[in-house]
Amino acid sequence: MTYDPWEPREPRETLTGLAHPPAHQPTEPPFHPPIEEHRGPLRRLGGGIMAGGLLVLKFLGQFAILLKFKFLFTFAIAVGAYALFWGWWFGLGFAVLLLVHELGHVIWLRREGISATLPVFIPFMGAFVAMKEMPKNAYVEAKVGLAGPVLGSAGAFAVLIWANDVNSNLLRALAYLGFLLNLFNLIPVVPLDGGRAVSALHPLFWFAGLFVIALLFFKYESPILLLVLAFACYELYRRWNRRDMPGFREYHSVTVPQRVGVAIVYLGLVVLLVIGMHAAYVPRPS
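For what it's worth, the working numbering labels the leading residue of the sequence shown as 1, then goes sequentially.
Don't take each hint at face value.
Claimed, not checked - Below, a list of computed lysine to aspartate or glutamate pairs in the EDC-like style, where the Cα atoms sit at most 16 Å apart:
{"id": "1", "residue 1": "Lys219", "residue 2": "Glu250"}
{"id": "2", "residue 1": "Lys136", "residue 2": "Asp165"}
{"id": "3", "residue 1": "Lys136", "residue 2": "Glu250"}
To be verified - Computed beta-carbon distance windows for the label pairs:
{"id": "4", "residue 1": "Phe73", "residue 2": "Phe248", "range": "18 to 24 Å"}
{"id": "5", "residue 1": "Ile161", "residue 2": "Leu84", "range": "26 to 32 Å"}
{"id": "6", "residue 1": "Ile107", "residue 2": "Pro203", "range": "38 to 44 Å"}
{"id": "7", "residue 1": "Pro257", "residue 2": "Ile224", "range": "19 to 25 Å"}
{"id": "8", "residue 1": "Gly87", "residue 2": "Arg238", "range": "27 to 33 Å"}
{"id": "9", "residue 1": "Pro283", "residue 2": "Pro246", "range": "51 to 57 Å"}
{"id": "10", "residue 1": "Phe73", "residue 2": "Leu227", "range": "21 to 27 Å"}
{"id": "11", "residue 1": "Asp165", "residue 2": "Arg243", "range": "45 to 51 Å"}
No wet-lab data here; the hints were simulated from the structure. Even for Gly, the Cβ is constructed at its ideal location relative to N, Cα and C.
Required output: the full structure, derived from the provided sequences and hints.
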């Protein structure tokens, strides 16, 4: 039987000199205030857990505030992740080149009157910009897709000029990786930028891009390439099944001058990026 110090008790006589109660009546234990109650090890452990839980809740509250600034938070995470493999300066430089590339998309989306978020970074997967609405046609989508590689290539060339000015192989390697990143993004398959660009030319280019991604995966056996291949297969299946719908035809109704302009920018970027990679290449020491 347990005793509750807060449980009401029967009133007792408190007269001075009153005899003790009969032996057959059990005496009640003395009253101890709860503040003086003995706390065993289990209760002390429970109190520690409670205090730790409050600290965790406080940390989660601060973490939730950080999530409101997804751009800065994910950018810092990406820099830290890249720094683990390449060092802080190279990791920071690569994250900045990714940022420049994604800002090209943001700038052109807003130029077209389409609301877009700031970039969200995923370490070793790149970054993405979320559109609040779809572009009105494939030509606008192509311009948005090409804006990232255009600005990203300009950023890589700026790093290459800086590298040659200070004679830094680290900066040359960073520029080379920037050129490679933008060239990879021009592979003509969605969700890459090249797939969005060639949507203004002809959907058959998506199959060529899918073939290139498959070749790269079988050559390098990269899980990232496998993930891109899976997304590309899904997106190609989804879009190709809608090719006979009226909305699809209307979306891809692009004029000849618009197609020529997209093709010139696309091919020009490919050529310039290959030249940039050649200029920034740093041979391995023998």
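Results of checking the hints against the structure:
Annotation: proposed proximity of Lys219 to Glu250 is violated, straight-line Cα distance about 38 Å (limit 16 Å). With a CA separation close to 44 Å, the supplied pair Lys136 and Asp165 exceeds the 16 Å bound. Taken as a hint, the Lys136 and Glu250 pair is honoured in the structure, with Cα atoms around 10 Å apart against an allowance of 16 Å. About 38 Å separates the C-beta atoms of Phe73 and Phe248, a value inconsistent with the hinted range of 18 to 24 Å.
A beta carbon spacing of about 29 Å between Ile161 and Leu84 agrees with the range 26 to 32 Å that was offered as a hint. Between Ile107 and Pro203 the Cβ separation comes to about 27 Å, which falls outside the hinted range of 38 to 44 Å. A C-beta distance of roughly 37 Å is found between Pro257 and Ile224, which places it outside the suggested range of 19 to 25 Å. Between Gly87 and Arg238 the CB atoms are about 41 Å apart, so this pair departs from the stated range of 27 to 33 Å.
Taking the beta carbon of each, Pro283 and Pro246 are about 55 Å apart, inside 51 to 57 Å as hinted. In this structure the supplied range 21 to 27 Å holds for Phe73 paired with Leu227, their Cβ-Cβ distance being about 23 Å. Asp165 and Arg243 have their C-beta atoms about 50 Å apart, which keeps the hinted 45 to 51 Å range intact.
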